[in-house]
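Chemist: Please build the complete structure, drawing on both the sequences and the hints.
The sequence shown begins at 1 in my numbering and counts up one residue at a time.
Hints may contain errors.
What the hints assert, rightly or not - Pairwise CB distance ranges, derived in the manner of DEER restraints:
1. Pro-47 x Lys-101: 21 to 27 Å
2. Glu-78 x Gly-128: 54 to 60 Å
3. Leu-46 x Glu-78: 40 to 46 Å
4. Ala-70 x Arg-98: 47 to 53 Å
5. Asn-127 x Lys-106: 20 to 26 Å
Treat the hints as calculated values from the structure; they're not laboratory data.
Just so you know, even glycine gets a beta-carbon here, dropped at the ideal spot from N, CA and C.
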Amino acid sequence: MQLKMSLPERPGWIFVIPGFDFIALLLALVMFTGVVAKESYVEIKLPPSEFRGVRLGDENPVVVMLKGTATGPVYYVEGVKVPEASLGGLVLESAEKRGTKAVAIKVDSEATMAERQILINTIAKLNGIRIFEGYRREDRLDEAP
1 MQLKMSLPER
11 PGWIFVIPGF
21 DFIALLLALV
31 MFTGVVAKES
41 YVEIKLPPSE
51 FRGVRLGDEN
61 PVVVMLKGTA
71 TGPVYYVEGV
81 KVPEASLGGL
91 VLESAEKRGT
101 KAVAIKVDSE
111 ATMAERQILI
121 NTIAKLNGIR
131 IFEGYRREDR
141 LDEAP
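Modeler: Next comes the structure, spelled out in structure tokens:
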């Protein structure tokens, strides 16, 4: 008895079947990456913090600086030294000149938290003014490294 092969000697186009599998896999990957790319963006709204502020946009805020010194706090409105008693009036006047309701405060690292809070309370008493804290300044240029 002679053994016979189950496949004919010339299998024909049977070697093409893995190629169809490869093309089907390639098409599936292309289709799935399109779906994933459309859904990859998610909006996350984080609460404001001291280290990540709110963008001011087109507003041009009045800049108020507080420097802590040994003799007490020193206030600057738009770079001009002002006494604490007239601080509120000058901030309101500068805001009206600029046509804005935003005030950006810069606090020196030498200023205490109580001095900072006094500045915030003084500005908060003004009607309709929004306060933005820019950053805490560290002016230590006079010290040697």
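Chemist: Evaluate each hint against the coordinates.
Modeler: The hints, checked one at a time:
no. : hint                          : result
1   : Pro-47 x Lys-101: 21 to 27 Å  : holds (22 Å)
2   : Glu-78 x Gly-128: 54 to 60 Å  : violated (19 Å)
3   : Leu-46 x Glu-78: 40 to 46 Å   : violated (31 Å)
4   : Ala-70 x Arg-98: 47 to 53 Å   : violated (33 Å)
5   : Asn-127 x Lys-106: 20 to 26 Å : holds (23 Å)
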